[in-house]
Amino acid sequence: MMAAIAGCLVSAAAVAAPAPVFKSQAIELPADAAAFPDGPNVKVVTQNCLACHSADMVLDQPLLPRATWAAEVTKMRNVYKAPVSDADAALIVDYLAATHSPP
Amino acid sequence: MSAPSRRAMLVQAGSMLALASAPGLAATGPEFPFPGGNGARPLAKDFPQKGNMVLQRSRPPLLETPFTDFDSGVFTPNEKFFVRWHWSVIPTEIDPAAYRLKVRGQVERELSLSLSELAGFERVEIAAVNQCSGNSRGFFEPRVPGAQWGNGGMGNARWSGVRLRDVLDKAGVKSGAVAARFSGLDQPTVSEGPWFRKSLTIDHARQPEVIIATAMNGKPLPMLNGYPIRLVVPGWYSTYWIKTLNDIELLDAPDDNYWMKTAYLIPDTPRADIKPGQAGVTMVPINRMVPRSFITNLGAGAKLKARSNAAIRGLAMGGDCGVAKVEVSADGGQSWSDAKLGRDEGPYSFRQWTAKIRVPDAGDATLLVRCTNTKGEAQPDKANWNPSGFMRNVVERLPVTVI
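The listed protein sequences correspond, in order, to chains A and B. For reference, each letter of the first sequence is one residue, going 181 to 283 in this note's numbering. For reference, each letter of the second sequence is one residue, going 613 to 1015 in this note's numbering.
Just so you know, not all the hints are guaranteed correct.
PhoX-like, lysine-lysine: derived pairs with alpha carbons at most 25 Å apart [unchecked claim]: (1) LYS714/B - LYS887/B; (2) LYS203/A - LYS831/B; (3) LYS203/A - LYS657/B; (4) LYS255/A - LYS873/B.
In short, the hints are calculated from the structure, not lab data. Just so it is clear, the structure is predicted and the values come from calculations on it, not from any experiment.
This is chain A alone, in the form it adopts within the complex:
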């Protein structure tokens, strides 16, 4: 089933490079660049979805049919364990279908 492991028998070449120097690092990440636009239940969407990801993850998607959005919300709950209630999940699907589905 699986393709051959490596196409070429090429080893990483030994080098006389100096040992790496590791320094302490700290970074600060920017705030989310986008918010959910108005639509039915936008408050519920904002309260639930932004816990794990920014709004642009949704807004950048193609227009998807309601059934696909419903499957995405189910995946967020069942696979990624997003603590979204049944009632809120239905409201979220309504928002996505209303604002981001093909006409």
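Following the hints, complete the assembly by docking chain B onto the known chain A.
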């Protein structure tokens, strides 16, 4: 490092407060010509240690290399290298003195290596393309959900570090070990969520090209690309290149964790190609990469002078082996001519190419570029399709205007 101190190093990446107009966004970014639209993206300029990047998602960060940057050379600058994280809890502080890489499971002796101990192994270097499984997903038709990448979810670097095999040998792999599972410092946002972990068969893990990189293009990895160390699996998609690698577990059975068994699967068909809705398809973990090539010195809609000779150039990759041939066409694919290949940086690297084309008569024209790898595998004329949007490698078509 102890669990509490490790936990303290992690923060919820970014702020949950979305700003109506974010200060870190440059005015304009690309508008990808995705089928059905919605391809406009801003440029982000405020991600740490990164230059201007196409913003696909703020949190967890998903940053694409602006395509014009690929014209600067065969290696992608660290500050322009694409970024992709699965969970929003990602490391934002690294204390190298406290950092440890554990090797455990089916081994003779468990290891907990400091970074200086890791640097004591033989140092090696390899040039390799790192490409997201879903690079170019936005061009799938019909469209599929997921990160809506243009073609910039890839990059090429000279990775230096130590062989994974040497580290495994130090631990002593037991005869019952069948797979090596890798994980890093990123954590599920919800504690019950599946940790991001990926596995290679033990045979693959012991291949001499698989390394633990301590540097990228001669410099430390950017934090968002996995500082201080990441796994490098030349020829295979980026999903296996675990960032901030801190745990290697040798397993005595194939890995059945979510990210191997359910996610990142492709149809077990040529080019991972099926019809939408096709049933009864066997799915397997995504694995080796396939050939691709791109024109980098011209963008869509570039203006060329009719009946002139034009110089074009770009990048090609063989996938999991070298580039044998790059061909270009200036007449929509009716006739092809060979491009000249640039310096060979190794089979897993990008290869730069240059070509002279005869520009046709005035009007709309399409430039094509096609790579054939050293196994004789050429890019196809027709795009593949699968429900996850993986492994796109159709011949690229660049529309230009001849005046």
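Verification of the supplied hints:
1. Between LYS714/B and LYS887/B, the direct Cα distance comes to roughly 43 Å. Violation of the 25 Å bound is thereby established for this hinted pair.
2. About 12 Å separates the Cα atoms of LYS203/A and LYS831/B, which keeps this hinted pair within 25 Å; it holds.
3. This hinted pair checks out: LYS203/A and LYS657/B have alpha carbons roughly 24 Å apart, not beyond 25 Å.
4. Restraint check for LYS255/A and LYS873/B: satisfied, since their Cα atoms lie roughly 15 Å apart, inside the 25 Å limit.
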